[in-house]
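Visitor: With the hints as a guide, bring the two chains together.
Taken in sequence, the protein lines are chains A and B. Counting from 0, one number per residue, gives the positions in the first sequence under numbering that gives the first Met the number 0. Counting from 0, one number per residue, gives the positions in the second sequence under numbering that gives the first Met the number 0.
In case anyone wonders, no lab produced these hints; they're calculated from the structure. Source: prediction; values computed, not measured. Where a beta carbon is used, it is the ideal one built from N, C-alpha and C, also for glycine. Watch out, some of these pointers could steer you wrong.
Output of the computed footprint for chain B on chain A, the stretches with three or more beta carbons under 8 angstroms from beta carbons of chain B [stated by the list, open to error]:
#, region
1, 34 to 43
2, 107 to 113
Counterexamples of contact, computed for chain B against chain A with all Cβ distances above 12 angstroms [said to hold, decoys possible]:
#, residue
3, Asp6
4, Trp14
5, Leu15
6, Ile56
7, Ile59
8, Asn70
9, Val73
10, Asp76
11, Ala83
12, Ile121
13, Arg142
14, Ser215
15, His216
16, Leu220
17, Pro252
18, Arg265
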Amino acid sequence: MTNQTDNLSRAGAGFRSLSLPSPLRTALSLVSTVLLTFLGLLLVTFIIGRVMPIDPVLAIVGDRAPEHVIERVREELGLNLPLYQQFVIYVWNVLQGDLGVSVLTANPVIDDIKNVFPATLELATVATLFGVILGVPMGVLAAVYQGRWPDQVIRVVGLLGYSIPVFWLGLMGLLLFYATWDLVPGPGRLDYAYDGLIDTVTGVILIDAAIAGEWDAFWNAASHLVLPASILGYFSLAYISRMTRSFMLEQLNQEYITTARVKGVPEWRVVWVHALGNVWVPLVTVIALSYANLLEGSVLTEIVFSWPGLGYYLTQSLLNADMNAVLGATMVVGAVFIGINLLSDLLYKLLDPRAR
Amino acid sequence: MSSRSEDFSAGWRAWLLSSSPASRRQARLGRLYLGWLAFRGNHLAMLGLGVVLGLVILAIFAPVIAPYDPNAQVLADRLQFFSAQHWFGTDDLGRDIFSRIVHGSRLTLYIVILVAIIAAPIGLAVGTTAGYLGGWVDKVLMRITDIFLAFPKLVLALALVSALGPGIENAIIAIAVTSWPPYARIARAETLTIRNSDFISAVRLQGAGRLRIIWSHIVPLCTSSLIVRVTLDMAGIILIAAGLGFLGLGAQPPLPEWGAMISAGRKVLLTHWWVATVPGIAIFVVSLGFNLLGDGLRDVLDPKSGGQG
Chain A
0 MTNQTDNLSR
10 AGAGFRSLSL
20 PSPLRTALSL
30 VSTVLLTFLG
40 LLLVTFIIGR
50 VMPIDPVLAI
60 VGDRAPEHVI
70 ERVREELGLN
80 LPLYQQFVIY
90 VWNVLQGDLG
100 VSVLTANPVI
110 DDIKNVFPAT
120 LELATVATLF
130 GVILGVPMGV
140 LAAVYQGRWP
150 DQVIRVVGLL
160 GYSIPVFWLG
170 LMGLLLFYAT
180 WDLVPGPGRL
190 DYAYDGLIDT
200 VTGVILIDAA
210 IAGEWDAFWN
220 AASHLVLPAS
230 ILGYFSLAYI
240 SRMTRSFMLE
250 QLNQEYITTA
260 RVKGVPEWRV
270 VWVHALGNVW
280 VPLVTVIALS
290 YANLLEGSVL
300 TEIVFSWPGL
310 GYYLTQSLLN
320 ADMNAVLGAT
330 MVVGAVFIGI
340 NLLSDLLYKL
350 LDPRAR
Chain B
0 MSSRSEDFSA
10 GWRAWLLSSS
20 PASRRQARLG
30 RLYLGWLAFR
40 GNHLAMLGLG
50 VVLGLVILAI
60 FAPVIAPYDP
70 NAQVLADRLQ
80 FFSAQHWFGT
90 DDLGRDIFSR
100 IVHGSRLTLY
110 IVILVAIIAA
120 PIGLAVGTTA
130 GYLGGWVDKV
140 LMRITDIFLA
150 FPKLVLALAL
160 VSALGPGIEN
170 AIIAIAVTSW
180 PPYARIARAE
190 TLTIRNSDFI
200 SAVRLQGAGR
210 LRIIWSHIVP
220 LCTSSLIVRV
230 TLDMAGIILI
240 AAGLGFLGLG
250 AQPPLPEWGA
260 MISAGRKVLL
270 THWWVATVPG
280 IAIFVVSLGF
290 NLLGDGLRDV
300 LDPKSGGQG
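If we strip away everything but chain B, and leave its shape as in the complex, we get (with noise of 0.2 angstroms):
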């Protein structure tokens, strides 16, 4: 029986690794798989992926493995120490803390997600627009990008969510006003490598419209720098939320987001060091999960950039 399954994934692999694809899927799949052997290889953006893969499972898990109420609130058993019912002990209203990290894994997933939705297409449009028509466009464009990245990204944001006003929805459309200059950055510096080479003029010469030849071909050759780019500043995003909730203008009370959460234990800092402490360790191990994975794909997807530059 074993050896039938290792004859079947020797075949696989044959297959996957066969120097003469016999169609276009074969050696697409091919070349992911020879991308995920080198991946694989790499310890530390296994243990990044391992982490991310880790608060994906908890955000869509958290009311199975919380095992209390992240809001329930129980005044009689504040500010308690670990311990076997509270394993990260309880905040000042009496909440457990576990629960709490747990349920906020779902707040970080999702500002990160919607942020990368947001901001990476902007971003990707902007760039590959000024990259490939040039002249006056790209003069435009590139302006209003220096324009964005002008402004310390934080602080950016603070002045946005002050005018739309706090909240976690208006966190994320701030964090994404401030992440795409970077992007489209990458995008244009992608399009104007290809814009000269000989299958875009194979292209335009078969009569496609400019839209076409962005769409179809230069978008495609920018994602996977883009995606890097993307993964790699998932830290950034989510300490820049985490910034904003513990400064009270992110999530508001009483979701558990964590920043939030290591503002309301600053209170009790000096005597119940813990109820800051935890949240803190938490957003801590998803960024360096976020970096070494980022880490990890740019060594693969872009390897022209090399090592830890």
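Chain A on its own, in the form it takes in the complex (with noise of 0.2 angstroms):
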């Protein structure tokens, strides 16, 4: 319990000087924690973006622009001030929701973003699912019959899930399953005839789908998303699945689940009841985290399957040099990545007596 509280209150900096209500400190310490890791991220976006050999003046008036005009464009972008009053403008535009405006689209890179960022969340989300809901069992398994079969095949998954390029699993995927089997749809979100056939409510086709009671273009939606999916969602069951094993271990090791046995509690019970309700708490957090991670696995999932998402998005505006775009998708993939975390650990005080 010290060790605990010492912990948070190393984490936050300063706040163990004001005699403030333990909860209360605890979430204090945590928002200045993200808050300075946001700075932190937006200042190394802000770096990256100043570093490039790219004139951003020169690339709006052309190299052969006059002296006069150069140096006029160059005061419009406030690209005169000194750095650290740049840094300032900068962060005030981000928060004010202007991260410029994209070159490819000349669309607010905002904008662009909200609308890639559905599709993003829609594969992200039922590749976690598909980890979760396979992964879980499977570790499980794996703990119970350790050293057996199902415990190698655990590990062979594991193995193949850290050691397999993505978006090559994906290739392969659409050759087999599309290219010659011809089980499921080829790449994209919805076929042909299904386009602009549903009003955009969400961005989530599944949900807008249903929302509309087209019934035919969800199933069709569904059926496209279902390889580019589960071969995202591999990764996350490889992941998950391991760390699900090794919660279990340690749980099925403790004498609270001797005692259940010993008092005549069924097997089943002391594994999926007993020692699976203590693993959850901690399996949280490697959920939130495989769902964050899915997010960069997504970049590669989508350039194979033409997915219309965030990483698709981040990866046509790098090839096309727009800046402003690729620093504004990095900027958004940073912040949902702290913002998960984030939740992850506040679910995991809000699911763990110990950790309140």
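Guide: What follows is the structure, encoded as structure tokens:
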């Protein structure tokens, strides 16, 4: 317990001196940590934007522009100001949701991101569900049958997950399930026939189609989603099953398990209720982390499946040297990452009475 | 003759396994030998070691092993299937895929080694300094580390490469910049466990400065867990490098980088599947090798982390 509070006060630099009630202090220190990290994130994207070799002024006016035009544009962009002032302006703009204008689409970057984000969200969510629904029971079985074949299977699944390039697995999936066996439709989120048929409400096609009652479109979207989501989900399955296994092993060696067995609780109840019940709390953190990691895997998967999400947007902007869009998308991914981590921290505190 | 050599090796083994070593070197070599014996018993780890050694040999002798020039285009022979002339077929420019895979091993090794050489010392320096000095230095350094951990690796690498410009050197820099934070975390954790030990106090009382304590007493103790982590990360580094190559931001054509080869094969995937499939298998085999090797090393060097948790 002392260790716990010590850690917290260390994280919340400076809040130790204030004698606030403990939950409030915890929340404050968490918020200050998150704000600092977010500021650092902005600093990193700011620096990346400033060290790039492409001169933003020349990109606008062209390299034949006369000197005074270059000077004026430089002032308009605020590039004549000292760096720290530029950074303050940058942070101010980001806080107001202004990420600049994309050169490629001529839209504000924030609007572009709002358009593409639901596609990534849909993909990553279904993939995580896949990973949890299969991964947790697999991890439990591996722990119960430690050293025997279910355990070996999990080990192999994990090793493959850490060794296969996700984009290559996607290509192989397309080759087999789409081109050879014709079990799933090709790349994209919908067949052309359904394009523009559904009004955008949330941007998540499955939900939008269900709201509109267009069940044909719903099933079409679902069939498009199956392959990319299961390929992406495989990687979260590998991670989740491995972690579930080690958490379960830890629990199964505890004395309360022996107690439960001795007093005659059926074995399935011991495993799936007593032990697994205590594993859920750390597992939430693992699932949140794997969800955040899918953002990364989705960049490459979206390219392979022409999935119009954040990763696709990021790489398209990259290949066209559209720096505002690249930095905006990077910043959003980082912010989502921080957000998910914060959420998993809070959930942990909420679920585990010892951490309160 | 054979019995003499057996006697000879038995003598060595006895010297190595001696429970009362006469010199520091004997003790150190003996420990290494014990580690090797433990490692040798792990078949999967040995397989991993074999794959990694195979990669090194392939890279060193690439011009001898490869039957063709990796960049020689023979358009008449383009997109051929496996044959005695072209073991893994040819790509869309009529280049021999087997030769390109063999030469690509050099790029893979080059990337992995350079990233490790750049990232591991940075992580080690940051982590040990933060852990030993503590206080505000620790807070600042660890906050910076956390900021870098807040980005998904690939996305930060993408942003960096887009700023620096595509190319294999910039890809290496970008991957190194995204790889050091976990090493700093590990080094710091190790340092925290040893900074209050008696032998550190003894060194300090003898008048050793902070730098000397960190450099010659703490750093050596952190290296074994760091080596394990770096080896385990090699697979991840290979996958990220391949991902950058696949997106056209890593090694540039005509370099036979495996990720870029998959990207080129993607255009003809549905008609000539092997062009994209073979380089993927190469990436998979090498990553698997590093993963198995890393798992084995962890069991030997870092037994407290235990099993395959």
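Visitor: Find the nearest Cβ of chain A to the Cβ of B:Ser215 and say whether that gap is larger than 12 angstroms.
Guide: holds, 28 angstroms
Visitor: Evaluate the condition: distance from the CB of B:Trp14 to the nearest CB of chain A exceeds 12 angstroms.
Guide: Per Cβ check, B:Trp14 is outside 12 angstroms of chain A; nearest 36 angstroms; holds.
Visitor: Verify that the Cβ of B:Arg265 lies farther than 12 angstroms from every Cβ atom of chain A, and report whether the claim holds or is violated.
Guide: violated, 6 angstroms
Visitor: Taking the minimum C-beta separation from B:Ile121 to chain A, is that value above 12 angstroms?
Guide: Given a closest Cβ separation of 16 angstroms, the condition holds.
Visitor: According to the definition I'm using, a residue is off the interface if its beta carbon is farther than 12 angstroms from all beta carbons of the partner; does B:Asp76 meet that for chain A?
Guide: Holds, since 23 angstroms exceeds 12 angstroms.
Visitor: Just checking, B:Leu220 versus chain A, shortest CB gap more than 12 angstroms?
Guide: holds, 23 angstroms
Visitor: Would the non-interface assignment of B:Leu15 survive a Cβ cutoff of 12 angstroms against chain A?
Guide: holds, 31 angstroms
Visitor: Is B:Arg142 truly not at the interface, in the sense that its beta carbon sits beyond 12 angstroms from all beta carbons of chain A?
Guide: The claim breaks: B:Arg142 does not keep its Cβ more than 12 angstroms from every Cβ of chain A (closest is about 6 angstroms).
Visitor: With 12 angstroms as the threshold, tell me whether B:Ile56 passes as away from chain A on beta-carbon distances.
Guide: At about 20 angstroms from chain A, B:Ile56 clears the 12 angstroms cut-off, so the statement holds.
Visitor: Just to make sure I understand the rule, a stretch counts as covered if three or more of its residues have a C-beta closer than 8 angstroms to a C-beta of the chain. Does the region 34 to 43 of chain A meet that for chain B?
Guide: holds (count 6)
Visitor: Checking the smallest CB distance to chain A, is B:Ile59 really beyond 12 angstroms?
Guide: holds, 23 angstroms
Visitor: If I take the minimum Cβ distance from B:Ala83 to any residue of chain A, is it greater than 12 angstroms?
Guide: Holds, because the least Cβ-Cβ distance between B:Ala83 and chain A comes to about 25 angstroms, which exceeds 12 angstroms.
The structure shown violates the earlier hints numbered 2, 13 and 18.
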